[in-house]
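Asks: Take a look at the letters that make up each chain.
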Amino acid sequence: MPTFVYMTRCDGCGHCVDICPSDIMHIDPTYRRALNIEPNMCWECYSCVKACPQNAIDCRGYADFAPLGHSVRVRREEEKGTISWKIRFRDGREKNFVSPITTKPWGQAIERLADLPAPSQAEIKSPLLCFEPDALLVDGGLPAVSKDKFKQGVYY
Amino acid sequence: MAFNTVHEDCDILVVGGGMGGCGAAFEARYWGRDLRILVAEKANIDRSGAVAQGLYAINCYMGMRWGENQPEDHVRYARNDLMGMVREDLAYDMARHVDSAVHKFEEWGLPLMRNPETGRYQREGKWQIMIHGESYKPIVAEAARKSVDKIYNRIMVTHLLMDENHPNRVGGAIGFNVRTGDLHVFKARAVIVGAGGASHIFKPRSVGEGMGRTWYAPWSSASAYALPIMAGAKMTQMENRIVLCRFKDGYGPVGAYFLHLKTYTQNAYGEEYESKWYDHTKELVGEYIDHHPTPTCLRNHAFLQEVAAGRGPIHMVTTEAFQDPHKETVGWENFLGMTVGQAVVWASQDIDPKYINPELTTSEPYVMGSHATCSGAWASGPEDVSPDEYFWGYNRMMTVEGLFGAGDALGGTAHAFSSGSFTEGRLAAKAAVQYIRDHARDEVRISDQQIDRLRKEIYKPLETYQVYRNEIVAGSVSPHYILPLHGLQRLEKIMDEYVGGISVNYMTNEPLLKMGLEKLRILQEDLESIGAEDLHQLQRAWELKHRAIASECVTQHTLFRRETRWPGYYYRGDFMKLDDDNWHVLTVSRRDPESGEWTLEKAPVYHLID
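Chains as they are written, first to last, in the numbering used here: chain A, 75 to 230; chain B, -5 to 604.
Hints were generated in silico from the structure; no laboratory data involved.
Positions of the beta carbon are idealized from the N, C-alpha and C atoms, including for glycine.
Incorrect hints may appear among the rest.
Unchecked claim - If you anchor each label on the Cβ, the simulated ranges turn out as follows:
(1) 182/A / 109/B: 24 to 34 Å
(2) 186/A / 159/B: 32 to 42 Å
(3) 214/A / 263/B: 50 to 60 Å
(4) 86/A / 528/B: 30 to 40 Å
What the hints assert, rightly or not - Partial list, derived from the structure: chain B residues whose beta carbon lies under 7 Å from chain A:
(5) 24
(6) 102
(7) 140
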């Protein structure tokens, strides 16, 4: 369902333009509001819908196969760590869902690697990645396999 | 064109900030504290790549901490699913590291579901764990952003730059800013390609407003392949395109439905159909049909046969499982977390799977390297695992020096998915840091001539449009240029009809492929006359050029492999059977960057695991 923008709600802030992975949300030069310039390259990913502070963007199912009269609305709240969906069918039935989007305070849980002690030469030479082997949570460290087990082009 | 040129000098350039690129950006900083590390991303890394809208599962997690799977098991699984053809060294290496990435995701706040009885991650199937992953990408992007010196969003990278001091060595990348139009020249000592695979090279089932509703994201424009190919890197298994069995029109995923909700398929008359195609399939592929689990392509094959026999459509039986309110919630949230479009299709058509068994379909083909397929660049494996023919100094380095890959860009690593792509980025980044240390004295040289030549090429579509636009009154029909959408639709039609797309039931043969190559050659000539009205269309023009060159590679590989290795993905009508005597091998190609000539060869499949 390609996105479209409600004229009376959009204030032209451009959040949708910044986030759209397909580069199809642009600001209309006449109306100074957002629009979807290329609906047939819209993946219906809802990135712009979620990003819009004015709830001005909605989707209408692709005309080729989606009859009118439905809606799928979303509210993504980083401070609450949730996303809420309301699905309305063409015949008026509704379904509502709420899911978590994070378990941590938004934007604060990830450390800066540059602040950690620098790795040693021996670590640089090893096949281990950062935080390994600890982050694998296994006894015995990184698994390995002997090279002489290779067999060329045989059935298995 | 009066655009500025922005020069950047760095140690590591990551091209494409999806899961692979973010993994690379993160890991590079850990090992390369003093290095200058940059990311060039076509969109905005908070919502870019295949995971932009989220995921409801992480499809590659071993669970070694609980003894659930070992890396060997992953190799057996991926190999089996791809009918024997994977790089087992790369698969093993990814699998032994992937758990540590998933554990970091959990620490970063990604909500991983837990099984209330065991306390372990909630399994969807043997390999998949269930997540509330709407914000998977922004969380991972934050880790990348906190690691690198700078993220350049909205840079369409068009070409890799070659170092003029050393033969066959990468020296950076070049592209333009989609907003300002500025030319961006990145000189780099190592480049990690984390760009996307290919949607929209075969004609999609929906060709009107819904053409963007492809299975893989429409912004996956084959840059993962075009960039290395144009630099002369070798590619592997590019014929191994994938066809997906999905819910009709929205391409909503079926994994959780099959594995967790225990829904199942039946034909239009309520009959089970897979088993009746057993003997027929055995004729084609021999004992591969007896493998467990049944390879994805062979399940597709039974689906296609049943529909061709006149007993379609195939339905997913959801009405039983959806009586359980918990399962119903999982079924819907599965879409809302990663394929919202399917929820919209069902809402618009009043399809409530609690009462109606929805239709399934098989998609148009896609070329990518991280799902149940493994197209991509031919890359070195890790020193401690790989045999000599698979190892040339640095893990995940392509056959061009200093050029690394991750995710869709890497060939031979099926079933990596999001977590595995991130892990491959990490592996590539650590090796790239090592490469830079080992070549600390080498000076990379990019001449002004190289930049000027590419600058002209990059902006040519804008110029072509400007010169010829006023020759016509208005509209899109010009005798001197075609627009990016015109070219895209011609490409999709050629690939569809000659290289095994939906309209020919995935069938091709040598005469068709040769005709397809000729048409692709002429298309590429016409792409020299592509017109771009503005910077957005210039991005589309370059995406199309990337898709076209990747398509040529796909067609060359499909012609080279004279067997039908993956029935259900595509068929060689002239060689309908799997042929292990001659084709139990990986296919490897190289396009000479000067002449444009292709050479293809067989490379051995080494089985590392019993």
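Asks: With reference to the structure, classify each hint as holding or not holding.
Replies: Hints and how they fare:
no., hint, result
1, 182/A / 109/B: 24 to 34 Å, "holds, 28 Å"
2, 186/A / 159/B: 32 to 42 Å, "holds, 34 Å"
3, 214/A / 263/B: 50 to 60 Å, "holds, 54 Å"
4, 86/A / 528/B: 30 to 40 Å, "violated, 19 Å"
5, 24, "holds, 4 Å"
6, 102, "holds, 5 Å"
7, 140, "holds, 5 Å"
Hint compliance for this structure: hint 4 is the single one not met.
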